[in-house]
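So the protein sequences, as listed, match chains A and B. First residue of the first sequence: 1, per the working numbering; consecutive thereafter. First residue of the second sequence: 1, per the working numbering; consecutive thereafter.
Calculated from the structure, these hints are not laboratory results. All residues carry an ideal CB built from backbone N, CA and C; glycine is no exception. Some hints here could point you the wrong way.
[Stated by the list, open to error] Which residues of chain B face chain A? A partial, calculated answer using Cβ under 7 Å:
1. L54
2. L57
3. G85
4. Q103
5. A107
6. M108
7. C135
8. F173
[Said to hold, decoys possible] Here are a few chain B residues that sit away from chain A, every Cβ distance over 12 Å (derived from the structure):
9. W6
10. N12
11. D32
12. K51
13. P73
14. G77
15. Y78
16. R94
17. M102
18. E117
19. G127
20. N133
21. E174
22. G176
23. K205
24. H215
[As the list claims (entries may be wrong)] For lysine to any residue, the following SDA-like pairs were computed, each having C-alpha atoms within a straight-line distance of at most 20 Å:
25. A:K217 / B:R110
26. A:K218 / B:E69
27. B:K205 / B:D86
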Amino acid sequence: MEISIFNYDFLIRSILAALFGSITAGIAGTYIVSRRLVFLSGGVTHASFGGIGMGYFLGVNPIVGAALFGMVSAMGIEYLSHKQNVKEDSAIGFLWAFGMAVGVIFIYITPGYTPNLMSYLFGSLLTIGGGDLAALMVLSLVMILFFALFYRTILYISYDEAYARTFSRHVTLFKYLLIVLVSLVIVLNIRIAGVVLVLSMLTIPPNFVMLFTKNFKKVMIWSVVAGFVGMTGGIAASWYLDIPTGATIIFVMVAGWVMARIIKGKTGSSRSRRDIKNKLYRKEVIYKDVK
Amino acid sequence: MQEHNWLLRLENISAGYNGDTVLSDVSLQISDNDFMGVIGPNGGGKTTLLKVMLGLLTPFYGEVIFNRELLTPYNIGYLPQMSEGDISFPVSVRDIVMSGLMQSRGAMARMKRADRERSATVMKDLGIWHLRNRCLSELSGGELQRVYLGRALIGSPRLLLLDEPGNFVDSSFEQGFYDMLKELNKKMAVVMVSHDVGTISAYVKSFACVNGKLHYHDSGRITNDQLKDYGCPIQLIAHGDIPHTVLQKHIDGDINI
Numbered sequence: 001m002e003i004s005i006f007n008y009d010f011l012i013r014s015i016l017a018a019l020f021g022s023i024t025a026g027i028a029g030t031y032i033v034s035r036r037l038v039f040l041s042g043g044v045t046h047a048s049f050g051g052i053g054m055g056y057f058l059g060v061n062p063i064v065g066a067a068l069f070g071m072v073s074a075m076g077i078e079y080l081s082h083k084q085n086v087k088e089d090s091a092i093g094f095l096w097a098f099g100m101a102v103g104v105i106f107i108y109i110t111p112g113y114t115p116n117l118m119s120y121l122f123g124s125l126l127t128i129g130g131g132d133l134a135a136l137m138v139l140s141l142v143m144i145l146f147f148a149l150f151y152r153t154i155l156y157i158s159y160d161e162a163y164a165r166t167f168s169r170h171v172t173l174f175k176y177l178l179i180v181l182v183s184l185v186i187v188l189n190i191r192i193a194g195v196v197l198v199l200s201m202l203t204i205p206p207n208f209v210m211l212f213t214k215n216f217k218k219v220m221i222w223s224v225v226a227g228f229v230g231m232t233g234g235i236a237a238s239w240y241l242d243i244p245t246g247a248t249i250i251f252v253m254v255a256g257w258v259m260a261r262i263i264k265g266k267t268g269s270s271r272s273r274r275d276i277k278n279k280l281y282r283k284e285v286i287y288k289d290v291k
Numbered sequence: 001m002q003e004h005n006w007l008l009r010l011e012n013i014s015a016g017y018n019g020d021t022v023l024s025d026v027s028l029q030i031s032d033n034d035f036m037g038v039i040g041p042n043g044g045g046k047t048t049l050l051k052v053m054l055g056l057l058t059p060f061y062g063e064v065i066f067n068r069e070l071l072t073p074y075n076i077g078y079l080p081q082m083s084e085g086d087i088s089f090p091v092s093v094r095d096i097v098m099s100g101l102m103q104s105r106g107a108m109a110r111m112k113r114a115d116r117e118r119s120a121t122v123m124k125d126l127g128i129w130h131l132r133n134r135c136l137s138e139l140s141g142g143e144l145q146r147v148y149l150g151r152a153l154i155g156s157p158r159l160l161l162l163d164e165p166g167n168f169v170d171s172s173f174e175q176g177f178y179d180m181l182k183e184l185n186k187k188m189a190v191v192m193v194s195h196d197v198g199t200i201s202a203y204v205k206s207f208a209c210v211n212g213k214l215h216y217h218d219s220g221r222i223t224n225d226q227l228k229d230y231g232c233p234i235q236l237i238a239h240g241d242i243p244h245t246v247l248q249k250h251i252d253g254d255i256n257i
């Protein structure tokens with residue numbers, strides 16, 4: 001009796017986590033993949049580990065600390081990237097390691113045992129509580145509303161920021177709002193996949209969907225669907241095989257992407273060849289008249 | 001000179017990047033029927049001039065004044081030299097063309113049926129209708145340029161700024177392109193940056209020569225003497241009726257093009 005109730009509760013929690021996780025990660029993932037912000041997001045993810053360590057040390061919810069670190073580092077990178085004399089990728093690499101270092105130091109000086117540390121590194125659905133789920137649900141609603149209301153603005157800023165500035169005064173504001181939302185999505189999904197794996201939750205579904213469609217809105221919607229299928233599949237597989245859930249989810253997603261890639265095979269590769277050709281052509285012209 | 005309403009006035013503009021001055025003390029007025037060719041050497045500030053007009057670059061000194069009755073900063077069509085957009089971005093040709101409509105909309109803009117119809121008209125005019133559902137990585141350079149031209153034109157701007165439109169325009173489209181600009185000029189002022197002085201001088205009504213400083217000519221004709229003062233690397237000037245005139249090579253000017 002007790003076991004079945006536990007199972008039922010676990011099932012509900014898992015499915016809700018998969019649902020909210022795939023909604024947030026699918027939408028945010030489409031944005032970061034399209035805008036090539038994956039490395040930046042990796043920096044934010046690892047910087048947030050500093051907040052997890054701080055949370056342990058101060059005895060507050062590590063996710064709150066992670067959210068704080070994630071948002072501040074995301075805005076910091078966005079800000080630094082405007083400065084001409086800072087190389088953005090170096091700034092990201094710096095924050096990436098610095099956040100991890102801060103986290104390790106805090107955890108070391110935290111007296112006594114640090115429970116669930118592994119779950120923050122590699123994710124654990126078992127430790128997801130009602131509070132985490134509620135936060136993910138609210139964030140899912142915020143993401144849907146924000147992207148639905150400002151769809152065109154987000155699309156055009158993401159595609160060509162310089163041109164967007166010719167029609168909007170709020171480009172910078174939107175960029176900051178978007179990067180803050182992305183960092184919140186990453187941090188709340190750390191509960192599911194962990195610091196080490198969470199980024200793949202965001203990046204694999206859009207890459208999978210982009211094999212089939214190149215429409216921003218469709219990529220977003222289908223990334224949510226693909227993410228949900230991948231996550232529930234991963235949860236089920238981890239349950240039956242008794243292996244870690246976060247890792248299994250990522251494994252299932254990558255396997256799905258590889259299979260789709262093989263099936264798409266020819267069309268995909270010819271398209272990317274054209275991509276490269278066009279890019280070379282573009283470079284030539286850009287150098288004809290710098291400034 | 002006929003009297004025309006002015007649209008935009010630059011007064012004593014100095015502008016540049018990272019503290020380096022590219023344009024110094026530039027003044028210019030654009031009238032509502034202007035068709036102005038902007039010429040000058042590489043790094044002379046042609047693109048910078050357009051960016052100042054668009055408000056993409058805040059000048060160090062000087063003022064950009066709009067005749068608000070006729071023109072707002074958001075009623076300018078702009079064809080960048082090369083769009084900063086990432087061509088592998090998941091977006092269709094139609095959506096890019098429609099982005100030109102955002103100038104008159106707020107951040108929560110929706111595209112309606114009328115907008116789709118307007119985009120269809122523009123795409124058909126430019127011969128890119130058959131590409132409407134393609135993504136940008138599937139287009140050739142010339143097709144891409146036409147998509148960006150569609151984006152600049154869809155909002156029916158009062159002022160059209162073109163930065164090196166000749167770069168990508170293939171020869172089959174070129175004649176039609178310049179004729180189209182001539183047609184558009186009946187409805188809007190056109191300012192065109194170009195290396196290809198030979199071709200554009202048959203179409204433009206005036207020239208602005210930019211090389212740090214700006215020199216304005218209210219005719220499409222530039223004399224050899226005038227050229228000497230500016231250090232512009234112009235080798236060939238063509239006029240509507242007269243056969244091509246080959247001018248003396250400039251002593252201190254580099255040869256570009």
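Here's how the hints hold up against the structure:
no.	hint	in the structure
1	L54	holds (5 Å)
2	L57	violated (10 Å)
3	G85	holds (4 Å)
4	Q103	holds (4 Å)
5	A107	holds (5 Å)
6	M108	holds (5 Å)
7	C135	holds (4 Å)
8	F173	violated (16 Å)
9	W6	holds (21 Å)
10	N12	holds (21 Å)
11	D32	holds (20 Å)
12	K51	violated (9 Å)
13	P73	violated (8 Å)
14	G77	violated (9 Å)
15	Y78	violated (6 Å)
16	R94	violated (10 Å)
17	M102	violated (4 Å)
18	E117	holds (17 Å)
19	G127	holds (19 Å)
20	N133	violated (8 Å)
21	E174	holds (16 Å)
22	G176	holds (21 Å)
23	K205	holds (24 Å)
24	H215	holds (19 Å)
25	A:K217 / B:R110	holds (13 Å)
26	A:K218 / B:E69	violated (41 Å)
27	B:K205 / B:D86	violated (35 Å)
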